[in-house]
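There are 2 protein chains.
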Amino acid sequence: MPLLLEPVLAHLDANRAPAIERWKELLRIPSIGTDPTRNADTRRAAEWLVSNLRSIGFDTSLRETAGQPMVVGHHPGPDGAAGPHVLYYGHYDVQPVEPLELWLSPPFEPTMVTTERGPRLVARGAVDDKGQVMTWLEALRAWHEVHGNLPVRVSVFLEGEEESGSPSLVPFLEANRDELRADVCVVSDTGMWDIDTPAIATMLRGLVYVELTLSGPARDLHSGMYGGAVPNPLNVLTRVLGQLHDGEGRVRIPGFYDQVRELEEARQWAALPFDEAAFLAGAGIKVPQGEAGRSTLERTWSRPTCDINGIWGGYTGPGSKTVIPAKASAKLSCRLVPDQDPERILAGLREFLKARTPAECHWEIATHGLSPAIRLPADSPYLEAAKRALEAVFDRPPLMIGMGGSIPAVEAIKRLLGMDSLLVGFGLEDDLVHSPNEKFEVRCFEAGMRTHTRLLAELAKLG
Amino acid sequence: MPLLLEPVLAHLDANRAPAIERWKELLRIPSIGTDPTRNADTRRAAEWLVSNLRSIGFDTSLRETAGQPMVVGHHPGPDGAAGPHVLYYGHYDVQPVEPLELWLSPPFEPTMVTTERGPRLVARGAVDDKGQVMTWLEALRAWHEVHGNLPVRVSVFLEGEEESGSPSLVPFLEANRDELRADVCVVSDTGMWDIDTPAIATMLRGLVYVELTLSGPARDLHSGMYGGAVPNPLNVLTRVLGQLHDGEGRVRIPGFYDQVRELEEARQWAALPFDEAAFLAGAGIKVPQGEAGRSTLERTWSRPTCDINGIWGGYTGPGSKTVIPAKASAKLSCRLVPDQDPERILAGLREFLKARTPAECHWEIATHGLSPAIRLPADSPYLEAAKRALEAVFDRPPLMIGMGGSIPAVEAIKRLLGMDSLLVGFGLEDDLVHSPNEKFEVRCFEAGMRTHTRLLAELAKLG
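The listed protein sequences derive, respectively, from chains A and B.
Each residue of the first sequence is one higher than the last, beginning at 1381 in my numbering.
Each residue of the second sequence is one higher than the last, beginning at 1381 in my numbering.
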């Protein structure tokens, strides 16, 4: 006889305050996984999750990698559970907080702010991904606290390198295939359509992220003495990277569009009630820009892009210094769409750079992430279960959407473990993900907990 | 009856060690004038000079400005001196020291290193301009210590903002014209032809130095969410600045070459025994590059240039961050040749930027320096005096050369006080000016002291 859902929902309602306290506790740990000086804090976040999972009956371990540790937990569920074995994936690392001066409250002191929408929690990681992880951890906790058990067999897998390209993820999945393989993966790291309308993402762009260092003169030079007679790496860097797009906003990396197809989903998205003006207003932008002849949804969901994410070189302090520096650097990433091969794009980028490099300059290229785009099957019993859970909570059916961002784990889990992922997330476009003053609406957080609570019951029914 | 020269030269020889100690004392003061956190140190360098000048009979004062203080001193010379009134100009500020990790010894702990050329002193400012200033301060000291007087009337004027575009210089000269006007200005902030061959610079390039800030989105954005649909200031910055040069290495700022003429001096320079390979080797470069159809000497002395001196924006820490930043910045400078008007070049740059800026992006332009190039008269009794002094010390006549760098003071002194400057300097091309491990050969330092000692005697003869 299945465990009853209703008392679990009631328990959730009665225990909102401690759930929010646990969420805050996790947010207070500054687990900036990409920053080596934060390694101890990042590990502390992993340890906090181990302890949290153990307290709700999971057989949990902290697993070392070459980078940040993984957290793995297993709960057998009820004896002879007929439902699927579910793997929850999430990440406990957060983005760096710079520029710090733009935060209205300290990024690692979670601050409750009340707006006309109700309360929201402001902190780095409030939504991405600590807040979203807590929505399903609290659902698991509620089932455990009410029934002493879960309605299905559950494994949990959390990494600490998602914001830095997940370098340890693939080796770890390869080394632990049997332990981590389940029937379906559930991920909450995506967004809703709007605060009233849930969404399930069925397409995610991939990512090629590189760091480029261009070397020229053997040392920093005085521009008065050498200016005009030697290659200036800053001039060369801008000249070369300034050619990445043509006048139509298309990327000029050789072969960049060779694998890009017009997608069925893109036609469906044309019917979505997308408020382009509101979306762009979130970035302070009025005039849509980008690849010519494409809608904003296509530009962000189904078309590949290339963006410089960081650039530095020469003198950047106050005042002036007339230097020609020996080196100049940039971080650059391409968002990929289905069928683009990250290795081919990387090779094309190398070719692009090489063809434009003057004598006596050379590039070093370090890779911080290589993952293809993924498409999820548009119909499956798991997807139907998720739709039912969302509809029960929100009183309207979820929209099927694309996503501009990348979740390398979803691709790796598909490729290495053969599992599809349900991308059921509760973020909003204005959550300021990766920006100062990141927040998560408490209303979304609570809807997330209720959805995951119901999803577990729906999955149990699949038998 | 004139003061005798020979005992002063003998005194100089007998007192090398204390002269070097005073030079080191000044170098130990980290007077990075462009860095506000170093303001107290910068002032300390000015105070040290005030005290030094007072100890050799100068009526000296520290003079406040909106920026770093000026040092002004006056010495009447002998009663009824018939020679010219000489103004010595120099600067006591030094360049920033970054990248600090490339220094082999701490930049503000002057370190004597012996090579096959003999000893050299390594420190920030060793040559530019503290070391060069000490060559004439020590010459003045030697005259004072031997004769209790100087052979001519002398004023001294030192600023602390030369490395940051001399913003206070013009207001100060305007406010103190009568006090500072003399017959000729002497400046040691230039170089020799080589270690055996002295040189006098008769042409200096001017400078337009700006800091550009490009704003786009209202806040930092996640490139997954917005990438491809909004203007990325880093993409735009590289696209616009990457167009500053055409395929022939010519600057594409509108009107940039309108005032540029072919110069008589450039024809003379073609006869100089210039070792292009050795010059470029100093920068680790083998293949000459730059404006097509021009020699390396033309490119660095008589042709205008445009160089990016610094660039920054987005995420520049370790690892990766998929950000589209709200802003991107660069520092950019143009070296100007005679007849180019800095204001017109600045207006052309604004036009260049404006014509290439997409919707919803805008530039802020801050100016850190605007000075035209200058040409010194090729014949004058002062120049002849300097030639005789140099020939007596080096046993060969000096070469008349151009200089790629700018000394805004020389232009301002000409324009506001109506005085020409004698540019008699003792630096070498490999002195690593503005770079880590800046040095000054002791041999050059000592030749400088002897030259200035003799120059004072030669000027006194002019009657």
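Wrong hints could be hidden among the right ones.
Claimed, not checked - Simulated restraints on C-beta separations: (1) A:T1417 - B:A1758: 55 to 61 angstroms; (2) A:E1656 - B:E1554: 24 to 30 angstroms; (3) B:G1635 - A:E1656: 28 to 34 angstroms; (4) A:E1656 - B:G1664: 17 to 23 angstroms; (5) B:E1744 - A:Y1637: 33 to 39 angstroms; (6) A:V1667 - B:G1635: 35 to 41 angstroms; (7) B:R1730 - A:E1723: 53 to 59 angstroms; (8) B:A1739 - A:G1798: 44 to 50 angstroms.
These aren't lab readings, by the way, just hints derived from the structure by calculation.
Keep in mind that this is a model prediction, so the values were computed, not measured.
The beta carbon of each residue, even a glycine, is placed where N, CA and C say it ideally should be.
Hint by hint, here is what the structure shows:
Separated by about 59 angstroms at the C-beta atoms, T1417 (chain A) and A1758 (chain B) satisfy the suggested range of 55 to 61 angstroms. Between E1656 (chain A) and E1554 (chain B) the Cβ separation comes to about 56 angstroms, which falls outside the hinted range of 24 to 30 angstroms. Roughly 41 angstroms separates the CB atoms of G1635 (chain B) and E1656 (chain A), a value that falls outside the hinted 28 to 34 angstroms. A C-beta distance of roughly 51 angstroms is found between E1656 (chain A) and G1664 (chain B), which places it outside the suggested range of 17 to 23 angstroms.
Distance hint check for E1744 (chain B) and Y1637 (chain A): the Cβ-Cβ separation is about 36 angstroms, which falls inside the suggested range of 33 to 39 angstroms. Look at V1667 (chain A) against G1635 (chain B): about 30 angstroms separates their beta carbons, and that is not inside 35 to 41 angstroms. Between R1730 (chain B) and E1723 (chain A) the CB atoms are about 44 angstroms apart, so this pair departs from the stated range of 53 to 59 angstroms. At about 46 angstroms, the CB distance of A1739 (chain B) to G1798 (chain A) agrees with the hint of 44 to 50 angstroms.
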